[in-house]
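Construct the entire structure; sequences and hints are all you get.
Quick note, the sequences are listed as chains D and V, same order. First residue of the first sequence: 996, per the working numbering; consecutive thereafter. First residue of the second sequence: 996, per the working numbering; consecutive thereafter.
Among the hints, a few may not be true.
Which copy? The list can't say, so a pair holds if one copy fits it or any two copies do.
What the hints assert, rightly or not - Derived pair list, reagent style EDC-like, types lysine to aspartate or glutamate, alpha-carbon separation capped at 16 Å:
(1) K1120 <-> E1064
(2) K1120 <-> E1047
(3) K1281 <-> E1251
(4) K1000 <-> E1067
(5) K1085 <-> E1056
(6) K1085 <-> E1251
(7) K1085 <-> E1067
(8) K1085 <-> E1064
(9) K1092 <-> E1064
(10) K1120 <-> E1279
(11) K1085 <-> D1030
(12) K1396 <-> E1420
(13) K1085 <-> D1149
(14) K1396 <-> D1088
(15) K1120 <-> E1251
(16) K1000 <-> D1249
Source of the hints: derived by calculation from the structure; they are not laboratory data.
There are 2 protein chains.
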Amino acid sequence: MKSKKFILPESQMPTAWYNLVADIPHQPRPYLNPDTHSPITESDLRLILADELARQELSTERFIEIPDEVQEIYRIWRPVPLVRAIGLEKALDTPAKIFFKNEGVSPVGSHKPNSAVPQAYYNHKQGIRRLTTETGAGQWGSALSFAGNHFGLDVEVFMVRVSYDQKPYRRLMMNTWGATCHSSPTTLTQSGRTARMTDPHTTGSLGLAISEAVERALEDPEGTRYCLGSVMNHVLLHQTITGEEAILQMQMADAEPDVVIGCIGGGSNFGGIAFPFLRQNFCEGKQIRVVAVEPESCPKLTRGTFQYDIGDYSGYTPLIPMYTLGHEFQPSAIHAGGLRYHGAGAIISQLLHDGHIEATAIPQTETMQAGVLFARTEGIIPAPESTHAIAAAIREALRAKIEGRNTTILFNLSGHGTIDLFAYEQYLGGHLQDYIPSDEEIARTVQRLEQII
Amino acid sequence: MKSKKFILPESQMPTAWYNLVADIPHQPRPYLNPDTHSPITESDLRLILADELARQELSTERFIEIPDEVQEIYRIWRPVPLVRAIGLEKALDTPAKIFFKNEGVSPVGSHKPNSAVPQAYYNHKQGIRRLTTETGAGQWGSALSFAGNHFGLDVEVFMVRVSYDQKPYRRLMMNTWGATCHSSPTTLTQSGRTARMTDPHTTGSLGLAISEAVERALEDPEGTRYCLGSVMNHVLLHQTITGEEAILQMQMADAEPDVVIGCIGGGSNFGGIAFPFLRQNFCEGKQIRVVAVEPESCPKLTRGTFQYDIGDYSGYTPLIPMYTLGHEFQPSAIHAGGLRYHGAGAIISQLLHDGHIEATAIPQTETMQAGVLFARTEGIIPAPESTHAIAAAIREALRAKIEGRNTTILFNLSGHGTIDLFAYEQYLGGHLQDYIPSDEEIARTVQRLEQII
Chain D
996 MKSKKFILPE
1006 SQMPTAWYNL
1016 VADIPHQPRP
1026 YLNPDTHSPI
1036 TESDLRLILA
1046 DELARQELST
1056 ERFIEIPDEV
1066 QEIYRIWRPV
1076 PLVRAIGLEK
1086 ALDTPAKIFF
1096 KNEGVSPVGS
1106 HKPNSAVPQA
1116 YYNHKQGIRR
1126 LTTETGAGQW
1136 GSALSFAGNH
1146 FGLDVEVFMV
1156 RVSYDQKPYR
1166 RLMMNTWGAT
1176 CHSSPTTLTQ
1186 SGRTARMTDP
1196 HTTGSLGLAI
1206 SEAVERALED
1216 PEGTRYCLGS
1226 VMNHVLLHQT
1236 ITGEEAILQM
1246 QMADAEPDVV
1256 IGCIGGGSNF
1266 GGIAFPFLRQ
1276 NFCEGKQIRV
1286 VAVEPESCPK
1296 LTRGTFQYDI
1306 GDYSGYTPLI
1316 PMYTLGHEFQ
1326 PSAIHAGGLR
1336 YHGAGAIISQ
1346 LLHDGHIEAT
1356 AIPQTETMQA
1366 GVLFARTEGI
1376 IPAPESTHAI
1386 AAAIREALRA
1396 KIEGRNTTIL
1406 FNLSGHGTID
1416 LFAYEQYLGG
1426 HLQDYIPSDE
1436 EIARTVQRLE
1446 QII
Chain V
996 MKSKKFILPE
1006 SQMPTAWYNL
1016 VADIPHQPRP
1026 YLNPDTHSPI
1036 TESDLRLILA
1046 DELARQELST
1056 ERFIEIPDEV
1066 QEIYRIWRPV
1076 PLVRAIGLEK
1086 ALDTPAKIFF
1096 KNEGVSPVGS
1106 HKPNSAVPQA
1116 YYNHKQGIRR
1126 LTTETGAGQW
1136 GSALSFAGNH
1146 FGLDVEVFMV
1156 RVSYDQKPYR
1166 RLMMNTWGAT
1176 CHSSPTTLTQ
1186 SGRTARMTDP
1196 HTTGSLGLAI
1206 SEAVERALED
1216 PEGTRYCLGS
1226 VMNHVLLHQT
1236 ITGEEAILQM
1246 QMADAEPDVV
1256 IGCIGGGSNF
1266 GGIAFPFLRQ
1276 NFCEGKQIRV
1286 VAVEPESCPK
1296 LTRGTFQYDI
1306 GDYSGYTPLI
1316 PMYTLGHEFQ
1326 PSAIHAGGLR
1336 YHGAGAIISQ
1346 LLHDGHIEAT
1356 AIPQTETMQA
1366 GVLFARTEGI
1376 IPAPESTHAI
1386 AAAIREALRA
1396 KIEGRNTTIL
1406 FNLSGHGTID
1416 LFAYEQYLGG
1426 HLQDYIPSDE
1436 EIARTVQRLE
1446 QII
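Shown next, in the form of structure tokens:
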């Protein structure tokens, strides 16, 4: 009987992250200071990030070694299995081979601790005592709580109010790991107070929660730093452990992917699986297709504009060159909370612009249908975010069937969905609807962006 | 750096379950028909169970082969990691080595699918189309939904009302895998209707839910059978895959347990880890201590009586020779819902009676304290049930420290707790209380039992 899971021994866990900046054909344009429009420097970044993270953000080294202390915590759940989705293949009656990397086995239930752990480590090493961050769906906030706890750091999470109210379990996970979790907007920050005054009934937004977390960190330059869960280069760097493991595991499975698929919010999950395979394209002449999957309701890659935008609501982050819908864009309340973000990271945006990756947008009902099929054939209930990658993999597998091709598909299962089951209830109850923003709606927020280049 | 996880390759996954009945020094007394008091036969059991499960229930074969179809589904998550709890060891500053088997990595989040999968398989093979079962905390109901779905069976779960109302996520998992979940007591059965008439505000009980599920199965002898998640021999048999894996993995870790620990409700988790190590005691002359851990609020092993009792409320199950508090005992509403059961399986009860295993009872606050320490040192948030095993392991490790012994401890982490986080909220908020039933309270329900032997 063929193996279903391909498990890398701990002794073969990759010991370095991969920095795609070393091999990308065209470098992304630099981050800019939102006030002066001059390129951001490492010392600018140090105001909000730990020194080593600021260094990594601008680094061009090809590989960055994973510290032993980080490897030790990774070993709680890593290496994570590569799985051959035999049940799904059978249900689709496809000649395609489907593999997925199961990042849902982490204690947090997603890929997020891959970056949370090194971020906490470098801050701790620098003598920082407190971390602040935002969280939307709650995955990142849980991950940083888990990671901060390991290094004895206080962690303060600003959780978007709508999620805070709807997802008590995520908040309780953070509490269990010793973190504090606020419903954002709070009265603790200027950004929060302003938002509450403007609209007392606001349900909050990710951009606003970022603003609150950054503002809070800036108040205490000695002891506090901010941490971000996606978008920035150093976060994507840490996530490449996934793709590096996957390369070794595909060899164990004696297979090579024709197409690599990841869902995309800011890009941490997508970059994690994609970048190491893109290295094979850039350096070894391979021609692996790499596909980013976004929700049709938040289509920054397929319908956004490629220009500078800020990462938060109030403008505490640098200007980032990105595919964006505008930071004031209000995505509809789809269940994949981790994908409701207006922009994509700079490297990913550059890759798409230059034609090195593809992007596709899928409606919510199709993704949840894919999620239920996956749950019933592979046993694992996927996170609503991950169902986007599954839906795209299913499209590829069905195309392979029509065309009679033996395609090999690899996707990243970013997390499990057992703390997001209301999405399934709504889908199974027939209450889910698709939402496609109109051209006017997108133009409205895009047109408000500064035209810098 | 030393390995933290010991991962068995899929190719080395055990291919047979172990039946302790073949090696136990004194056989348990037979199950009895509750009406006639004559020993139950295989054909009696076939009225409610699939034929092969009825056969396994009374089997004395040492090893029973795991069918290929079951192994294939086991491979979705098995073999499960054996983990060295280095973080916990450090926090306790103990010379003891602590290992645990992580059954929380299954798609359901617990050990329960180890038996749900073969139960669904044998029923399917026999041409049964529908399964009925009960669930308390929801783990077993989820597991049977997951398993039944794989074989195209309809699954109907009677979930104790208090859990149904408090744990919507569990119900939603069952729905996602295509099962129907009722709040028990229902109006679908005589047992349910009687209970609702007697007390319209009843919050239900596990014994009552079992009665409903059995009654429902008996209505359709052609197409429906009942499945049980614990207590009975065939269920514990299926769970031995855990202990069999653990034996191989302890060899990989170059270690031998001095003590093996499992929490106990009906005995499925405890038997799963304990029985293969007891074989080593009985057949190879080893002297491994084996400890069953129960909640102080439901102390059947430490304060119950050893005699015949029924497994449900209405008397649809055989009379089972067990340590019991009486089937009318109402355990307090502790968070470890899976341990709120009045009796222990026949084999386990016989083992305790004959001094082959030990039993200990631990109060709820101590177990939750242990759970939080585990979450903060090992990263994994344990199920409230599993925190009992952790608390006992901590007691052993601290004793080893005082006595300066290099004890090796192995416990079974029956599941993760991310769907039971309200227990942690209550504990962290200081709202948890311990409850110790009085001698009178226990005597009241024990005295109502028939004196058969």
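Against the structure, the hints come out as follows:
1. K1120 <-> E1064: Classified as within; 10 Å inside a copy, 50 Å across copies.
2. K1120 <-> E1047: Close inside one copy (10 Å), not across copies (59 Å); limit 16 Å.
3. K1281 <-> E1251: So K1281 and E1251 pass the 16 Å test inside one copy only (10 Å; across, 48 Å).
4. K1000 <-> E1067: between (23 Å within a copy, 11 Å between copies)
5. K1085 <-> E1056: neither (43 Å within a copy, 36 Å between copies)
6. K1085 <-> E1251: Classified as neither; 20 Å inside a copy, 42 Å across copies.
7. K1085 <-> E1067: between (38 Å within a copy, 14 Å between copies)
8. K1085 <-> E1064: between (42 Å within a copy, 15 Å between copies)
9. K1092 <-> E1064: So K1092 and E1064 fail the 16 Å test inside a copy (37 Å) and across (21 Å) alike.
10. K1120 <-> E1279: The answer is neither: 37 Å in one copy and 50 Å across copies each exceed 16 Å.
11. K1085 <-> D1030: Neither: 56 Å inside a copy, 49 Å across copies.
12. K1396 <-> E1420: neither (31 Å within a copy, 49 Å between copies)
13. K1085 <-> D1149: neither (48 Å within a copy, 21 Å between copies)
14. K1396 <-> D1088: Within one copy only: 8 Å inside, 58 Å across.
15. K1120 <-> E1251: neither (39 Å within a copy, 37 Å between copies)
16. K1000 <-> D1249: within (13 Å within a copy, 25 Å between copies)
In this structure, the hints that do not hold are numbers 5, 6, 9, 10, 11, 12, 13 and 15, in rising order.
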